[in-house]
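Chains as they are written, first to last, in the working numbering: chain A, 1 to 310; chain B, 1 to 289.
I should point out that these hints are in silico values taken from the structure, not numbers from a laboratory.
Worth double-checking, as some hints may not be accurate.
What the hints assert, rightly or not - Taking beta-carbon pairs under 10 angstroms as the criterion, some of the chain A residues facing chain B (in silico):
{"hint": "1", "residue": "Thr-3"}
{"hint": "2", "residue": "Leu-5"}
{"hint": "3", "residue": "Glu-7"}
{"hint": "4", "residue": "Leu-8"}
{"hint": "5", "residue": "Gln-15"}
{"hint": "6", "residue": "Ser-55"}
{"hint": "7", "residue": "Pro-64"}
{"hint": "8", "residue": "Thr-70"}
{"hint": "9", "residue": "Ala-79"}
{"hint": "10", "residue": "Gly-89"}
{"hint": "11", "residue": "Ser-155"}
{"hint": "12", "residue": "Val-161"}
{"hint": "13", "residue": "Asn-162"}
{"hint": "14", "residue": "Ser-165"}
{"hint": "15", "residue": "Tyr-173"}
Don't be surprised by glycine CBs; every beta carbon is placed ideally from N, CA and C.
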Amino acid sequence: MATPLEELGHDALAQKGWLGAYKWLIARRIAQVAIIGLFLLGPLGGVWILKGNLSSSLLLDTVPMVEPITFLQMLAAGAAGITTTTIIGVLIVAVFYALVGGRAYCAWVCPVNMVTDAAAWLRRKLGIKSTSKIPDWARWWMLGAVIVLAMATGSLAYELVNPVSMTHRGLIYGMGAGWAVIVAVFAYDLLIAKHGWCGHLCPMGALYSAIGSYSVVRMRSDNRAACDDCMECFEVCPEPRILPAALKQGQKQGLPPAVLSGLCTNCGRCADICSKDVFAFGLVLPRERMAGPSREGAGRAEDETLKQAP
Amino acid sequence: MAAKTVNRRRFLTTMARTACGVSLFALGLGFYARGSKALPPEYIRPPGALEEEKFLSACTRCGICVRDCPYDILKLAELGRDNAATGTPYFHARSGACEMCEDIPCIPNCPTGALDHSLTDINKARMGLAVVIDQENCIAFQGLRCEVCYNVCPLRGKALSLDYQPNKRSGRHALFIPVVHSDACTGCGLCERACILEREAIKVLPIRLAKGELGHHYRFGWKEKAKHGGALVTPDKEHHFNLPKGVEYDYSTGRIYVKNKPAAPNAPQAAKPKGGAASILNRGIQEAK
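One chain only, chain A, in its complex shape:
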């Protein structure tokens, strides 16, 4: 039986206590702030652990890291200036996220996550239900547009407005009018579309979900038999469409007990909010993934729930 919105999270809080009901959320906020902090530690404190910003950076003055969407745009814009360092940097980032979950970037690193989470929270508090219906595959078109634009203009055109790099760069080097872009994303998520930016449009999220399609670190649902259909995880999940395949719906179809979609951001909100402890982080090795029904089956499970939803 679905929990009413105003009682969202009450059960988890009663069952697991404050820390238990918010541990992943707290850990993520610490990670997000710490990453910005590490970038600022150099210029402010003279301790150079991370230099640069998320677009590309230097760890301990030796390890290069390059943002995949920046690299993709460089390729599309004519591949000028791609060096061995650039390729090593993008490989380090891509391999890391291919293992821990591509969109773990979205939930644990991206500074815009704090903005859109705040919008989602306020949306729940204010009881705003109306949402514009934007297909969640629009992000793939956005990614296509980003690449086409780089080809057409011969420059990293999307980086002129990319809210993610702009927010992060702004926090570290100076924002200018970049705050207006942040406010726009917040207002869009709050008033126009639920999870509108991160869950539907952001091309970086699309690229990271592709990178992490077969990642190993996953939200497992081994305890899914305990699920009592309270639906609270659907309310807090930034990509609720991907949950049914891991829950009873997937169990019926013989799917592995884990969220296998690349869209999962590994944010852990489902684990926090669940009073029955259905979810827990774990590993999904390729062997287990292969043992389950084909990917097509997984897709069908998602679609069927969508039909049942209204």
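Following the hints, position chain B against chain A.
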């Protein structure tokens, strides 16, 4: 069957709406990107920066060069505040010029080739070109001694030299005119920063604005001749003035001589005519008038 049609219709509508939205976004951003391709002339890229067009596709806007500049002159352009492409590094010579560090620390950590890693000699950097652009206000042109730009130039004498010219106003002094040489000027902007005027008379400009370009077909005869070691087309022919028989023009003295009879300086016959040799050469023109 009916349900299927509705589904298809809804599917097509969603597709069309998404296509519309994404295209609008792309169109707007495309025009914006085209607009922000031109770097304002007062903005200077760090040393070793690729030409602007390529720079905008190679720079990741990470700001590592900003961090590595020991003099903190570099800045990343901010949205709406600076006119350069958002996030790209630049400096303003008037407020903080490139100090031309020998080891060029801003380059080696650049994760891409946006800053050319093969540039190891800062004297070979070409960030722009200094131009003594306001000769009305530069006080050297008024005959006053200044030479500040000359004295701060890291390549003093090579990139910036002083040209002595007569001071026509006083009739007895010299002007010490600063002259920039494009074969040595790195565009560091130290001269621009040091200029003592309220607003600088010497400015570093992008090379595309500062320099002209000769027609590609152009050849200077004397240079070609020197390169070749002699005339390339027909043998040089000595120029002959149309002089009366037995009279010759001497190039070295600019005088006219009667052949085989070098004129004594005071000889009335061959004396330098009033108005110089030219008056003889122009003989007839005045009469015709």
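Structure-based check of all given hints:
no.: 1; hint: Thr-3; in the structure: violated (31 angstroms)
no.: 2; hint: Leu-5; in the structure: violated (27 angstroms)
no.: 3; hint: Glu-7; in the structure: violated (34 angstroms)
no.: 4; hint: Leu-8; in the structure: violated (30 angstroms)
no.: 5; hint: Gln-15; in the structure: violated (40 angstroms)
no.: 6; hint: Ser-55; in the structure: holds (5 angstroms)
no.: 7; hint: Pro-64; in the structure: holds (5 angstroms)
no.: 8; hint: Thr-70; in the structure: holds (5 angstroms)
no.: 9; hint: Ala-79; in the structure: holds (8 angstroms)
no.: 10; hint: Gly-89; in the structure: holds (6 angstroms)
no.: 11; hint: Ser-155; in the structure: holds (4 angstroms)
no.: 12; hint: Val-161; in the structure: holds (6 angstroms)
no.: 13; hint: Asn-162; in the structure: holds (9 angstroms)
no.: 14; hint: Ser-165; in the structure: holds (7 angstroms)
no.: 15; hint: Tyr-173; in the structure: holds (5 angstroms)
Violated hints for the displayed structure, listed by number in ascending order: 1, 2, 3, 4, 5.
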